[in-house]
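Chains as they are written, first to last, in this note's numbering: chain A, 1 to 542; chain B, 1 to 324; chain C, 1 to 213; chain D, 1 to 96.
Honestly, the hints are just simulated from the structure, not real lab data.
Just so you know, even glycine gets a beta-carbon here, dropped at the ideal spot from N, CA and C.
Incorrect hints may have been included.
Pair by pair, the computed Cβ-Cβ distance ranges are [unchecked claim]:
| id | chain 1 | residue 1 | chain 2 | residue 2 | range |
| --- | --- | --- | --- | --- | --- |
| 1 | C | 110 | B | 261 | 31 to 37 angstroms |
| 2 | A | 66 | B | 242 | 21 to 27 angstroms |
| 3 | B | 104 | C | 67 | 27 to 33 angstroms |
| 4 | C | 136 | D | 83 | 32 to 38 angstroms |
| 5 | B | 57 | A | 505 | 28 to 34 angstroms |
| 6 | B | 239 | C | 123 | 39 to 45 angstroms |
| 7 | A | 465 | B | 313 | 45 to 51 angstroms |
| 8 | D | 86 | B | 257 | 15 to 21 angstroms |
| 9 | B | 300 | A | 465 | 56 to 62 angstroms |
| 10 | B | 261 | D | 27 | 32 to 38 angstroms |
| 11 | C | 106 | B | 257 | 26 to 32 angstroms |
| 12 | A | 493 | D | 72 | 45 to 51 angstroms |
Anything over 10 angstroms on all C-beta distances counts as not near chain B; from chain A, calculated [as the list claims (entries may be wrong)]:
| id | residue |
| --- | --- |
| 13 | 124 |
| 14 | 366 |
| 15 | 380 |
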Amino acid sequence: MSLLVTPPEIETPMPSYLESGHTVRSWLLTLDHKRIGLLYMAAITFFFTIAAIAAALMRIELLTPQGDLVTSDMYNRLFTVHGVLMVWFFLIPSIPSALGNFVIPMMIGARDVAFPRLNLFSWYLFMAGGLLALYSILGGGVDTGWTFYTPYSSTYSNSHVMAMAVGVFIAGFSSIATGLNFIVTIHKLRAPGMTWSRLPLFLWSLYATSLILVLATPVLAITLVLITLERVFGVGIFDPKLGGDPLLFQHLFWFYSHPAVYIMILPGMGVVSETMAVFSRKPVFGYRVVAASSLAIAILGFLVWGHHMFVSGQSVYAGVVFSLLSFLVAVPSAIKVFSWTATLYRGQISFETPLIYSLGFIGLFTIGGLTGLFLAALPVDVHVHDTYFVVAHFHYIMVGGMVLAYMGGVHYWWPKISGRLYHEWTARIAAIITFIGFNLTFFPQFVLGYLGMPRRYHMYPEQFQTLNVLSTAGASILGVGYALPLFYLGWSFFYGRKAGPNPWGATGLEWQTASPAPEHNFETTPVVTTGPYAYPEGNDMP
Amino acid sequence: MNFTRLPFAFFLPERASTIAPRVDGIFLGLLVASAVLVALLIALNLTFLIRYRRGSPAKRGPIKISTWKLETGWISATTFGFLGFFYWSSRVYLDEERPPAGAYEINVTGRQWMWDVRHPNGRREFDTLHVPRGRDVRLLLSSEDVIHSFYLPSFRIKQDVVPGRMLSLWFNASKEGTYPLFCAEYCGTKHSQMTGQVVVLSPEAYATWLGAGTAPEGVLVHGRQLFIKYNCAGCHDQPSQIHAPPLQNLYGAMVPLADKSFVRADEVYLHDSILLPNKQVVAGYAPIMPSYQGVISEGDLLEIIRYLKALAQQPASTSTSSLP
Amino acid sequence: MSDILLEPPPSPFVDAKQHSEANHLGMWVFLATEILFFGGLFSAYTVYRWSTPEAFAQGSGHLEYWIGTVNTAVLLTSSLFVALADLAVKRDDRRWVTLHLAAAWLLGALFLALKAYEYNQKYLDHLVPGPNFDPHGGAPQVQLFMFLYFAMTGLHAVHMLFGLGALLWLLWLNHRGRVSSHRADAVAVVGLYWHFVDCVWIFLYPLLYLVAR
Amino acid sequence: MHSAGPTKPVLYVTYAALMGLLGLSAWAAYWPIGQLWNFAIALLIAAIKTALVFFIFMQLRYQRGLIRVFAAAGFFWLAIAGILTFSDYITRGALF
C-alpha cells in the first residue's frame, strides 16, 4: 500500500532490533514483540525436532509388521510424544506465536503488541508447559495418545499423565494470553487509516485464530483439570463406575480440539493469501469474501466437533446434525482455494520460494480438505474412523498445510527477521523435496486406511507392509526437506546477502521499514491511504 | 455393482456384508468428485502459472467478469454439491444404525486385550466371531475396562465399546470366509494385538459349529444362582417385602416409565438398568434399587440377562419363586 | 532496549485514552475466556443433572442452605463496595477508595472462611469424593454431584483468592498514591474481574444449593 | 470513554434489587410447585441478577458495541457448547 511516511528527520537511524542488545538478558527479558517472536521460533524448532525424532522412530518401527524395534509400551509413548508436542508445542504456536508476534504490530503500523509484558509472560508460560511435558517424557513418558481419552487416561494408564496434562494446561494459558493480546492489538493499535477493509488478509486470519484461541482453549484447560483431579482423587466425573460418561470427556475435549484444528490451519491460509498477492503482483481475488471466510471458519469450526465421535456411541441424530455442519464448514475453505487460484489469473507471477511453498500448500490443503468430506460422510467415516485414512487426512492439513505455510512464512519474512537473503535455488529445491517427501509419506496412508489398518498399531497384519515401507521411505525424504532450511537459513543469518527494506517489492507496512526491523518498528507512525495489495495493474512492472 | 472387479480397485478391501457395497459407493462417488475437482484446480493453476509468469507477453489488466457472480457461483455450487453428498451418506448411515427386527443377537465383551464372545446358546469363544451368512446379526457390545472399538473392515462397520453402557452393531454377512477383526480405539499396551477374525459360515455350518450349547435349563439354574448371589431375588421375587417390579415376563415387553414414556425391555435396557437403575425408573416404583456399577462383572451381568431372557421364554405356568 | 526490568517499557499506545480502551477490552476478552473455563463444568453439570436428577437432589440436600445464602449476600455486598471504590477513584477520594476496597476484601475473606467451614463439614461427613466417600444411602451418582460441587466451588474459590490478591495490590497502589481519576484503570479492571467472579457464584448458588428444598 | 458510569444512588438501588432477588430466590426454592419450576425460577432469578451486575456494576450499559460483543461472545459460545453437547444426550437411543 502506498504510504505517506514522513521522511526521516532523525540523523542517526534507530538501531535494528537485533543490535539493540547482545546479552542473554536482553533476549530473555525483552519486551520487544520481534524478539519474543524469535524466542518462540527457537522454542518450537526445539520441540519440533523432538517430535520429529519420535515420528522417525515410529516410521522405522513400522517398516516391518512385527514389533521388533521398540516395545509396545515404547511405541505407545512415541506416538503420544509426537502428538502432544506437535499439536501444542509446535503447530498451535507456530504461525501465531512465532511469526504472528513478529509481524502483526509491523503490519498494522504499531510499535508493539498491546500488552508487551503479558506477551513475554506467555512465552514463559509456554516454556514452563513445554518443560513439564519434557519432564513427563523423560520421567517415563505418557501412553494415552494426545487425545487423553478417559477412562484409560484417568484410571488405567500407569504413565505420567498428570505432568503432561498440567504441562498442556499451562501451555494453554500461554495460547489464551497470546490470543487476547492479538485481539486487543488488532482492535486498538492499528495505524491511522488502517481500516478493517484495508487490513492484510494475514491479520484477518490471525484475528479469527485468536478468537478460537480465546474461546476454545479454556474448555480444554478445565477438561485437563478434571482429568488431573480424577487421577489425584481416584474418582471423577467421567468415571463410569459412578455413572459418569466417558463420552462427556470426548465432547469437552473435541469442543476445543476441533476448533484447534482451525488454529492450526487459519494462520497458514493467511500466509498463503499474502504470498499469492505479492508474487503475482495482484490483490487477492475477492478480498472481502476471503476475509469473511476466515471469520466464518472460526465460528462454524465450533459447531462440528461431533464428527470425531460418529462411532463413539453418540446419538445417531447428533451424528447426522454434526455431519451436515461438517459438510458446511468446508465451504469457506473451498472459497479460499478458488480465490487463490483466481488471484494467479492475469498476475505477474515470479516463482520465489515462499510462492512455491504456498502452491504446495494449496495442493495439499485441497486434498486434505476434500478427504475431510469423506470423513464428514457418516458411513465412510464409520469405516475409516481411527484408521490411517484419518492419520493421512489430518497430516495433509497440518503438515501439508500448516508446516508448509509456516516454512513459506519464514522464508517470506526472513529478510525482515534477519536483514539478509537466503540462497534462492537451495530454498526452492528444499521446498520441492519437502513436497515430494510429504506426498510419498502420507498418500499411501490413505490407501492403508481404506484397506482397514487401524491407527496407533505397533504391529500390523502383513498385507499392509508394502504401503508402510513406501510411507517410511517418503518420511526419510521429508526429513531431508525439513533439515535443509536449518542449514541454509542458519548460514544466511550470518553471511547472507543484505536484503534491503523490501526485497520482494511488497506493499505491506512491514516492508516500508528497514531490514532487520528497527527496534520500534517505524521511525514515525505510518499513515495508510489505500487498501492492501495495491499493485499497479497492467503489463508494466514496478 | 462389483467394484473389486475393476483393475484400479486395489484400495478397496473385501466386501463381505450387505452394507459394504453401499459404503464403497459413497466412497467412490466422493473420490470421483474430488478427482475431477483436483484435476480442474491443477489445470487452472498450471495454466495461470505458465501463462502469467512474470515478463510473459500475455495480456494483463482488470478482469472483465464480475467478481461477485464468480463468488456466488462457486459458493452455491460447492454448497449444493456438499448437501447432495450429505443426503446420500446420511440415508445409508440411518439404515446402518437401525437394527432390523428379529436380528440374531450375540454378546461381545471387550477387555484389555481380548474379545469375549457369547452366542445365544451359551457357546463362548475368544477373539473369533462365528456368524451365519445371510442373517441379520446384532452384536451387543460392552466393555469391562476402557473404551475399545469393534472394527470389521470387510464389513465396513465399527462401533466403540464403552464401559458402563451396552451399545449395538448389526450387519448381514454376505460372503462366507474369514475376515479380520481389529480393535480400533486405542486401549493401552497391547492395543495392536487386540485383533481377531470373524468367520462367516453357511447357516447350516454355523448351526453345526454352534452345537448344542448350554441347555435352557442350564441357563436357568446358573442364572438363578447368580440372581440369588447378587441379592436380586430378595426384592424381585414375588411376593416380596419390598415393592419391586416383577421380572418374570419382562424381556421383550414395553415398560412404562416414571416419566410417562415407554421403553422396550431389550438387552440394552436390562444391562443399563442393572448398572444404573435410577436412569429409567419403572412407573409406580420408587428409585430404591442400588447400582451394580462396579459390583457385578460384565460376565455375570450377561449371564443374568440371559436368565431373564430364558424366564420370559418359559411357559407361563412356572412362577419365579418356584424355580429351583 | 526494552527490558522488563527497566521501567517503564516504551508504551505501544499513542495516548492514555487508547491505553485505557485496550485495558478494558483486554479484561472483557479475558472474561469471555473465563465464561468458557467455567462453562466446561456447567456443561457437565447440565448433562448429569439431566440424567440423574434424584442424585442431584440428594446431594444438594447435604449442602448447608444457610451458608450458600449468606455467602451470596456477602459477595453481592462486596461487589457493591468495589463499585463504590470505583466511584471514589473518579472523585479522587483516596480515603474512601481505601475504605471501600478494604471492606470488599474483608467480605471476600469472610466468604472464603465460610466456604472453608463448609468444606470441613463435608470432610467430617465423609462427603468428599474418594475412597472415604459415604453416599448416606443415596445413589452412587451423589458422589458425582459432590465431585462437581467441589470442582465448581473450588475453582470459584481459587478465583476469589486471585481477586483478594488483586484487591491487596489495589490497596497498595492507592496507598502509594498511584490511583487517581487519571489512572483509574487498575481499579476499574480489577473491579470487572471481581464482579464477574461474583456472577459465577450467583449461578452456583441455585445450581448447587437450591436443587430440591 | 469511561466518564459516564452509574451514580451512587443507582448503585444502591441495584444492590437493593440484588439482595431482594436473593431473598426471593432463597424463598422460592421452598415453593411446592415441582422441581422443574423451582429450577426454572431459580435460573431466571440468577440470570436477572447477573444482568444487573453486568449492566450496572460492570458498566456494560455505558459501554460501546465492541465491549458488549465480547461480553456476549462468552455466553454465546457457552451456549454452543451446552446445546450441542446436550443434544447428544437427549436424543440417545431414540432410534431403537
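Here's how the hints hold up against the structure:
Here the CB-CB span from residue 110(C) to residue 261(B) is close to 47 angstroms, at odds with the stated 31 to 37 angstroms. Between residue 66(A) and residue 242(B) the C-beta distance comes to about 58 angstroms, which lies outside the given range of 21 to 27 angstroms. Taking 27 to 33 angstroms as the suggested C-beta distance range, the pair residue 104(B) and residue 67(C) does not conform, at roughly 58 angstroms. Here the CB-CB span from residue 136(C) to residue 83(D) is close to 34 angstroms, well matched to the stated 32 to 38 angstroms.
For the hinted restraint 28 to 34 angstroms between residue 57(B) and residue 505(A), the CB-CB distance of approximately 21 angstroms leaves it violated. With their beta carbons about 44 angstroms apart, residue 239(B) and residue 123(C) fall inside the hinted range of 39 to 45 angstroms. For the pair residue 465(A) and residue 313(B), the beta carbons lie near 50 angstroms from each other, so the given range of 45 to 51 angstroms is met. About 20 angstroms separates the C-beta atoms of residue 86(D) and residue 257(B), a value consistent with the hinted range of 15 to 21 angstroms.
Here the CB-CB span from residue 300(B) to residue 465(A) is close to 42 angstroms, at odds with the stated 56 to 62 angstroms. For residue 261(B) paired with residue 27(D), a C-beta distance near 33 angstroms keeps the hint of 32 to 38 angstroms intact. Under the hint 26 to 32 angstroms, the C-beta atoms of residue 106(C) and residue 257(B), about 52 angstroms apart, miss the expected range. For the pair residue 493(A) and residue 72(D), the supplied restraint of 45 to 51 angstroms holds, since their beta-carbon distance comes to about 46 angstroms.
Even its closest Cβ contact with chain B, about 33 angstroms, leaves residue 124(A) beyond 10 angstroms, as expected for a residue assigned away from the interface. Interface exclusion of residue 366(A) from chain B breaks down, the closest Cβ pair being 6 angstroms apart, not more than 10 angstroms. Not every C-beta of chain B lies more than 10 angstroms from that of residue 380(A), the closest at about 5 angstroms, which undercuts listing it as non-interface.
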